[in-house]
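Trainee: Use the sequences and the hints to build the structure in full.
Residue strings, one per chain:
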Amino acid sequence: MVVIALGVPQVVDQFGLLQLTIFAAMCILALSLGFVWGYGGILCFGQSAFFGLGAYAYAVTAVDLGESTAAAILAVLVPAVFAALLGYFMFYGRLSDVYLGVITLSVTLIFFNLMNSTAGDAYRVGKARLNGFNGMPSLPTLNVPGDPARLLDPTETFYLVMAFLVIVYVGLHVLLASHFGRVVVAIRENEARCELLGYDVRLHKLLVFTIGGGIAGLAGCLFANWGAFVSPNVFSLTMTSQIIIWVIVGGLGTLVGPIIGCLIMQYLATTLGTQQLANTNLIFGIIFLAFVLLVPRGIVPSLRALGARAPGPSRVHDPA
Amino acid sequence: MDLAAVLTFEILNGVATLVLISVGLAIIFGMMRVINLAHGEFLMLGGYAAIVATNHGVNIWVAMVVVAPLVVGVVGVIAERLIIRVLYGRMIDTLLATWGLSLFFIGIVTTIFGNTVAGIGAPLGSLGVGRYSISLYRLVLIGIAAAILAVIFVALRQTRLGLIARGTMENPNMAAALGVSPPRVYATTFGVGAALTGLAGGLLAPISGVLPTVGAAYVAKAFITVISGGTAILAGTAAASSLFGSVNQLLTYFTTPVIGEAGLLAAAILLLRVLPHGITGKLFKGSL
Amino acid sequence: MLSVTDLHARYGRIPILNGICLEVAAGEFVGVLGHNGMGKTTLLKTLMGFVPVQRGRILFDGADVTHEAAYVRARRGLGYVPQGREIFPGLSVRDNLRMGFVGRGAEERVDAIVQTFPRLVPLLNRRGGALSGGEQQLLAIARCLAGNPRLILFDEPTEGIQPSIIEELVAVLQTLHRKQALTIVLVEQNLEFIAELATRVLLIQKGAILRELQPGELRQAGVLSEFIGVDRA
Amino acid sequence: MSDAVLQTLGLSIRFGGVEAVRGVDFTLAERELRCLIGPNGAGKSTLFKLLTGQLKPTAGRIVFRGHDITGHHTHAIARRGIGIKTQVPSLFDGLTVREHLWLAARRTNPAERARAITEEILERIGLASLANGAVGRLSHGLRQWVELGTVLAGNPELILLDEPAAGMTHDEVARTAELVREINRTHALIVVEHDMQFVRMIARTVTVMHQGAVLVEDTMDQIMKNATVRDIYLGKHGGS
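Residue numbers (our numbering), protein chains in the order written: chain A, 1 to 320; chain B, 1001 to 1288; chain C, 2001 to 2233; chain D, 3001 to 3240.
Treat the hints as calculated values from the structure; they're not laboratory data. Don't be surprised by glycine CBs; every beta carbon is placed ideally from N, CA and C. Treat the hints with care, since some could be wrong.
What the hints assert, rightly or not - Chain D side only, calculated, beta carbon under 7 Å to chain C, not exhaustive:
| hint | residue |
| --- | --- |
| 1 | 3041 |
| 2 | 3073 |
| 3 | 3140 |
| 4 | 3166 |
| 5 | 3194 |
Mentor: What follows is the structure, encoded as structure tokens:
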């Protein structure tokens, strides 16, 4: 992965590089839900709330300070803290799965409505005007820490986003292999048994949810930086649906799955967007339904199951 | 005095809107424990049905009160047959499938009508209250919301179908052991819930206009109302609508709509922290 | 009337029924005796259609009902009085009875049925959930009768019931069997109750019929010990 | 009182109109093995759920090793040292047998020690050959063993076993009895079981519950001679 990443800017043109940068940022977002839902078993339908909060936190801070380092840090912290707060109410109130899904979805939709109605001079944070549905244009992009004048060029941004993707991917792998991670998976399998073994289920879920919120915020920061623009659409139903579809298509319980799902669907969305043959929502709705009804486990786990059933001669070890 | 009257009207209006947009969802949730994520799109379809019918010369009242619920009711029955029934007992898959359905509806309506706002003029005029004026049509909506709750109450209490519905809701297996067919009850429930949602969509079309993504504007409030209400269809909807409608309208009146929305959400999250099964999960147990 | 061959069923992943064979002729009162966890309740739930059959066959009145839905079996005339009674707690006693027969003329039917259960008459407008265990048991039987079944499956009607009402239950069941000629299958761990009522007793153990006894044999010391599990051979 | 591992005082729980457990006073001594029997609905499993915090009592207190644990969270009670094998095995279907034991052992032990405990328990319950298989595919009997092993790996001070012999063959029942006696050398246990043969293999003192209350407490021999106990088992409705 790292080798490919380093080689890419040499062979791809500027437009392709920008495309790949945004794809990578979205993969980080996909990973955040793949972790929270696929491993933590937390049905979060509102991952875009944290993504959007990250984007707005970056936008507002960057405009106010004219420097991106603090903005990027806040873009991770603000959604993480918000996730912790929301998570506290949900997990310590012992809301069931379905309620959790609906509440998180409602939260992001209310953010959407809220941000849409912040047009006008009254809605500003310091120098930063929120601008309602028009969004915040011309945001300062990422600069070298401590040197606001030295902005990152597209190639550097690409490297940076790829580096974050690798760090998040590897970091989640390490986390899942740790004691904490294995307890998280055990909670997904059977909450009651975990409690009977003495593990605090609520606390573990809260931590997973908070980490997921922070990662989604990072993706939001990279997204806002990529277009130097953020609008309430980061909270929209379409946005939050997309994240769910990535994970469903790719498969729950893997980290590669959401990345693959994200890449396939992003590619599809880009292609559909340019040719206007059929409405994107229509196609997405059909894919969504098809996967839930026909391939409920998603691509990666289904392929793995196929692979496990097929007689692979190199994997057969006779114990005798 | 005028202010008090207008404020009361605003609050009743907020409550009535919540009742209208959430009662269909509440029926489906209360009876089947299914949360229909395409609920917002059912509202949207109701709006389009009313507008298209009106533009084709149908009387606006007939379009809103007859055509919209009929169209959406049929859509609901078809959706139950093709999707919900297949996933019966798999709650999360049902949620996801209805989400797919929601995108599908948005897509298909956008393809047909385009991504622009359609609307019809609100019938009736307005009424002067001292220095203020209130819309007669909104006054009628308050009446309709109250009437819907009353009709549901009577239907559940007094009719044979209502008895079967209440029995199946309490214990579907025992109802089946007595010869009641739960699949048929569920199909009917989903149809009735969808039809009421279509009715709400039709009635709200003159006020807010319709566009393919209008569902998102309503649906969060509807979910919050139903979940906070708990499983009792009538008591839950009425209690949660009254609470959130008042919070929302009062905050909106004295501050801004933004704070009104945020206040509604905060009130719901606080409420669910205290009562995880909703208002009727603990209080008013066993009510309709 | 009811013919069961080699019935296998499991609860989740736990096998509960391991090849039950059972023949019930019209007019019989068959008692199935067994301890907790021996598969009594699962047997009735499988017969009623709430637990899927893994292997074997169920014939009711000559028709193969093995894979039919519960409500279809109920409409064929199979009645069910479940363990724990399963009264609709939020419905009134009258509505509970009306649930037993939702067709036309339900009111008259309810009035007629209640005559046989005088204890329920003053309670008709009470919520089902507010009744005592014994009253609920009578209501569950009355509700089942409202549907006019030809064969009734009873699941431990004496569980958690006061002795005085158990005597009343004996009388009610005797009337149903002798005067109304209903066919009855009753599962119980209450040995006395079965001995008093059944015309034939089957001993169920680990999901299979261990052997058949005459009601009189139930009072023999050897059988008693075997049932309790003290002197298992 | 100081040598009591567990003590309940007037423990009760009510579901709607039904009092499933009524004023239970129960004392368990250090290293004691107690069998809990009684007909269906006597309140045995409910009592276990109260002891592990899965249900909150409506009245009464639970004292474990001198600490009042009434109303504490399930995980907090488990941390104090109460382990339970539930009636229907409660397991992580997607995880392997080894992972089960490791998760239980690792909570109180460093990684190295947890691995050692895992291997030791695998040998002890005889599941070493299945250690890397997903538990979801195992038969009911084997699942019982996995759960027992998981409880042991956590090394709780008090072990509750709810129907440990259910669904086992005669040989397996005998092996389970052997294991229970062995555990009892170092741990206090309460065992709920319907299989009277199994109870006779392990029991010294037996508590009989009926309709939510403790009916009688005595040695196994005395219990079997007790007329009231016989009556409730035969359905003569005695004792109420």
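Trainee: A separate judgement is required for each hint: does it hold in the structure or not?
Mentor: Status of each hint after checking the structure:
The closest approach between the C-beta of residue 3041 of chain D and any C-beta of chain C is roughly 6 Å, which is under the 7 Å cut-off, so the hint is satisfied. Because the beta carbon of residue 3073 of chain D sits about 27 Å from the nearest beta carbon in chain C, more than 7 Å, this interface hint is broken. With 7 Å as the threshold, the beta carbon of residue 3140 of chain D comes within range of chain C, its nearest partner Cβ sitting at about 5 Å, so the hint holds. Annotation: residue 3166 of chain D was flagged as interfacial toward chain C, and the flag holds, the nearest CB pair being 6 Å apart, inside 7 Å.
The beta carbon of residue 3194 of chain D comes within 5 Å of a beta carbon in chain C, closer than 7 Å, and the hint placing it at the interface holds.
The structure fails hint 2 only (numbered hints given earlier).
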